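Visitor: Residues per chain are reported as follows:
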Amino acid sequence: MTRAISALVLCIAFWLIGCAASQPIEPSPIGQTLLGKSKQELISCAGNPLQETKTAEGTVLTYYKEAPMLEESLSFSKGSRSGVHHGCWAYLLMGDDRVVGVEYRSVPPSVHATDHCEEIFHTCVP
Amino acid sequence: MEQRQLTTLARAVGLLVLSIIGLLASPPLSLALEKYGRPLPSMEQPDDAAAREAEETLFGGYFLTASFVSNPTFAARPDNTGLVGLRHMLHLETDLYKQYLTFYTDQNFFSDRTKGWIELSEWDGTFALTGLVDRLGWHIQYERDAPLDKSGIIQAYSDALLTSRFQAIQDLSWWQRTFPNQNLTAYAGAAWLFYNSNYFARPDNTGRALFRYVAHADLDLYKNRVVLYGDMNFFTDREAGNKLNPTEMDWIIGLALRFREDMELSVYREQDLSLDKPGLVQKYVAVQLRYSFDVPKRFWKK
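Just so you know, the sequences run in chain order S and D.
Take 25 as the starting number for the first sequence in our numbering and just add one per residue.
Take 20 as the starting number for the second sequence in our numbering and just add one per residue.
Do not take every clue at face value.
Under 10 Å between C-beta atoms, here's a sample of chain D residues computed to sit facing chain S [claimed, not checked]:
(1) D98
(2) D153
(3) T204
(4) F213
(5) Y214
(6) E289
(7) Q307
(8) D313
Per label pair, the in silico range of CB-to-CB distance [unchecked claim]:
(9) S:C69 - D:F312: 20 to 30 Å
(10) D:L299 - S:V149: 48 to 58 Å
(11) S:K63 - D:F122: 38 to 48 Å
(12) D:F198 - S:T83: 31 to 41 Å
(13) D:L263 - S:G71: 50 to 60 Å
If you're looking for bench data, these hints aren't it; they were derived computationally from the structure.
Keep in mind the model is a prediction, meaning the values are calculated, not measured.
Using N, Cα and C, we set each Cβ at its ideal position, and we do this for glycine too.
One chain only, chain S, in its complex shape:
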């Protein structure tokens, strides 16, 4: 048993060593498909935005999704170890009633959470 655990730990360690380099994030499939959708289409699949902000470039619709608590903290035999609260803000720039720009922003920035933005719009794709 100890040998098996040692082998597993070693594999993870070598893998991590191999990963110590800067990597760009790959685009998410849903974010791209939001471009061109109308405000009405967005509301029907993702609900009302939390905020609508008028800017010189157009109206920005704002959505947010917090990661579920079950993902943020795990229990162990006599207690737990807390993760970090995180979530994703989605900003959609509208031009002529169509989405012309999409931005996903994880909070805090050190935690990748753009998958939660994808969850907001997962019913918007066919």
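Position chain D relative to chain S; hints supplied.
Guide: Okay, now just chain D, sitting in the frame of chain S:
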């Protein structure tokens, strides 16, 4: 267990900790930011920031209950008497200052299957401050494990823990291409038990713990709905010749199924064993149900 195996294990864990620290030293990774189409105007005006903050968590937590479906040796009290039958726990946490400072508490209860399963036999209370700065996580924690149904040993400690974190979907470009619906999150680190009242260094209640080494991994098998996780926890003995050598290893492996965002069913196995000499091995298999709750800041502001 052979000494050679234990040395290999200790070296492996050391290498894991070093490699994660190495990741920290690498250049800053992605900013967890994705953009499509036309660039958006800056959304960092003070009013917008306040509106966004209102949607984030004010406090949250979960309640869990577990049945130890197989338990040959996992004790139901800190003095190692009885055998755990049921476990119940309440976890509460709140951010005091963004992600940098969070308070949490766990109130964990066990029952003794040799005394009818229902009556509670142990109460473990934990109070902690925790936080995250970039990839570095930390906590300062106080834990007190006490018997409930009779007098006996009370185990208590305070520790300071430092961990570093790795997220495959963020750190490996090929991961997201290959596994768009999966993720691997891992962390490892070490803690110093700067206060120790009867917190032992082995499962047979011998020695006194000084340091703790932790390593944890969550393998998200499908969109955070199916998660395979493993955790290792090592203690060293302040009364031993070598105070850095682990004397106890606790490991857990489990599979969690989240059938709703706020509900999870999991099955896990834990084994706590002595590393430097033969002794009591505490182990069990449990089935657990967790229900979570989360209150956003806007409720407080209303």
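Visitor: Please go over all the hints and tell whether each is borne out by the structure.
Guide: Status of each hint after checking the structure:
1. D98: violated (15 Å)
2. D153: holds (5 Å)
3. T204: Where the cut-off is 10 Å and the nearest Cβ of chain S is about 8 Å from D:T204, the hint holds.
4. F213: At about 18 Å, which exceeds the 10 Å cut-off, the nearest Cβ of chain S leaves the hint on D:F213 violated.
5. Y214: Not OK, violated: D:Y214 not within 10 Å of chain S, min 16 Å.
6. E289: Check passed: Cβ of D:E289 comes within 5 Å of chain S, closer than 10 Å.
7. Q307: holds (8 Å)
8. D313: holds (5 Å)
9. S:C69 - D:F312: 20 to 30 Å: Roughly 27 Å apart at Cβ, these two residues keep to the hinted range, so it holds.
10. D:L299 - S:V149: 48 to 58 Å: Roughly 55 Å apart at Cβ, these two residues keep to the hinted range, so it holds.
11. S:K63 - D:F122: 38 to 48 Å: holds (41 Å)
12. D:F198 - S:T83: 31 to 41 Å: At roughly 36 Å between Cβ atoms, S:T83 and D:F198 fall inside 31 to 41 Å, so the hint holds.
13. D:L263 - S:G71: 50 to 60 Å: holds (54 Å)
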